[in-house]
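Enquirer: For reference, the chains in residue letters:
Protein chains: 2
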Amino acid sequence: MHHVDVHMEAEIYGANNRLAEHNAEHFKAHNVRAFDLLGAIGSGKTSLIEKLVPELRSRGKVTAAIAGDVYGDDDFQRIIKTGIIAFNANTGKECHLDAHLVHHALDHMDLDDVDIVFIENVGNMVCPTDFKLGAEKRIVVISTTEGDDVVNKHPMMFRDCQIAIINKVDLAEAVGCNVERMIQDIKRYNPEMLIIKTNLKKGEGVKEIADVILA
Amino acid sequence: MHHVDVHMEAEIYGANNRLAEHNAEHFKAHNVRAFDLLGAIGSGKTSLIEKLVPELRSRGKVTAAIAGDVYGDDDFQRIIKTGIIAFNANTGKECHLDAHLVHHALDHMDLDDVDIVFIENVGNMVCPTDFKLGAEKRIVVISTTEGDDVVNKHPMMFRDCQIAIINKVDLAEAVGCNVERMIQDIKRYNPEMLIIKTNLKKGEGVKEIADVILA
Ligand SMILES: Nc1nc2c(ncn2[C@@H]2O[C@H](COP(=O)(O)OP(=O)(O)OP(=O)(O)O)[C@@H](O)[C@H]2O)c(=O)[nH]1
Ligand SMILES: Nc1nc2c(ncn2[C@@H]2O[C@H](COP(=O)(O)OP(=O)(O)OP(=O)(O)O)[C@@H](O)[C@H]2O)c(=O)[nH]1
Ligand SMILES: [Mg+2]
Ligand SMILES: [Mg+2]
Ligand SMILES: [Zn+2]
Ligand SMILES: [Zn+2]
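Heads up: the protein sequence lines correspond to chains A and B, in order.
When the letters of the first sequence are read in order and numbered with my numbering, they come out as residues -8 to 206.
When the letters of the second sequence are read in order and numbered with my numbering, they come out as residues -8 to 206.
Errors might be hidden in some of the hints.
Which copy? The list can't say, so a pair holds if one copy fits it or any two copies do.
Derived lysine to aspartate or glutamate pairs resembling EDC-like cross-links, with alpha carbons at most 20 Å apart [said to hold, decoys possible]:
| no. | residue 1 | residue 2 |
| --- | --- | --- |
| 1 | Lys178 | Asp65 |
| 2 | Lys192 | Glu41 |
| 3 | Lys84 | Asp151 |
| 4 | Lys84 | Asp176 |
Since the hints were made in silico from the structure, they are not lab data.
With the rest of the complex left out, here is chain A:
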């Protein structure tokens, strides 16, 4: 979060949280379960959607997604190729989604036949934690190529999410990443956190994530 005056900060968060609750009610009214996808740039958030959609479809579930990015529609284009409905939410200059942008997306999405909505945030390990969006759970996706200090550097992210995905396990050796250190750091910040290791290029670990999401 940037330097802003304390009162202003409280106002921004207050307004955002009210709208996040409204979004949560919106999901509930449509019998939809919503999940945030947070994480660093390129950690594998869109890959996760690409792999989860067919897995959930095979279990009879219809998915939709909101693609959050500063600029462009790269993720949106990849997501709609999976055959689901999606909305492209560009933040322009902001480094995170907020409840207002998600609310706007919901205005454009017909959720009547949808079971699950994924909200992919902007790649950023800091600011998105401050802005609730209305999802029932927050999933943080990190990857080995970010270095094994990525958890230690971002305590708030791991305290704020319920599920952690450690992606790109196939590249751990190539970057010299000690996955065990990451796991220990996660447990230190959030002992309750569910941790799943994945190779989302190959789809390894996706069934386990689907199990957790549908639990």
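Add chain B with the ligands to chain A, keeping to what the hints say.
Expert: Leaving out everything else, chain B with the ligands in the frame of chain A:
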């Protein structure tokens, strides 16, 4: 940048820019050349410092560094192992360094015998661009593992920096990254940009970067 009122935004940037100019004068007074290192989480900013320090030392140059991170001293510990002086600047909750944090760091660093200062920012492709720090040039480090859409998604970063380093070229194939697309996107946003491809794990491309920095 987060939603703040327009006047407040102008005030924040105005105050920051004045302090950035003061930092620039501080560097000048000590005959020091300063370079910002920006980029996504884990792109290779600290690796670049680790590899550049001995290369610059072999050319008779003394380096120092400011290690910017939200939390912890992982980067600081790696940097001082190269034998240079450094300062650990934790931002706490902020997603970027600002000129004030850098000014504070300079208060703690004896620059008398130093030729070059690297200012490693928090891993973030959005917010650091809004905050000048007083360096003469900004270097953005991206890596193939972030995906080849990372440039397209972050226009401001590439308009704001003068040198782009495309790191982890050894992993391009493993993630399916088209490096040529990255280069084309960079040229579209900033035709003047200097682009250097590296494998900073092995030190490939480091001599070229040293040439550019000392030019
Ligand atoms: N080798 C390997 N590559 C992966 C894996 N997961 C994702 N990738 C690749 O990593 C790059 C980034 O993946 P994305 O899914 O676009 O990551 P993201 O988190 O959506 O990225 P942003 O939305 O830009 O922040 C792409 O080139 C993927 O193909 C993995 O487990 N192993
Ligand atoms: N294979 C390979 N690994 C690399 C390369 N460059 C860096 N790495 C590894 O990538 C991980 C992250 O590198 P860092 O230098 O810590 O990246 P950073 O930009 O300083 O990261 P933050 O400060 O956390 O944002 C580390 O495990 C490095 O060893 C490269 O060119 N090839
Ligand atoms: Mg994505
Ligand atoms: Mg670093
Ligand atoms: Zn921010
Ligand atoms: Zn001063």
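Enquirer: For which of the previously enumerated hints does the structure constitute a violation, in increasing order of number?
Expert: none
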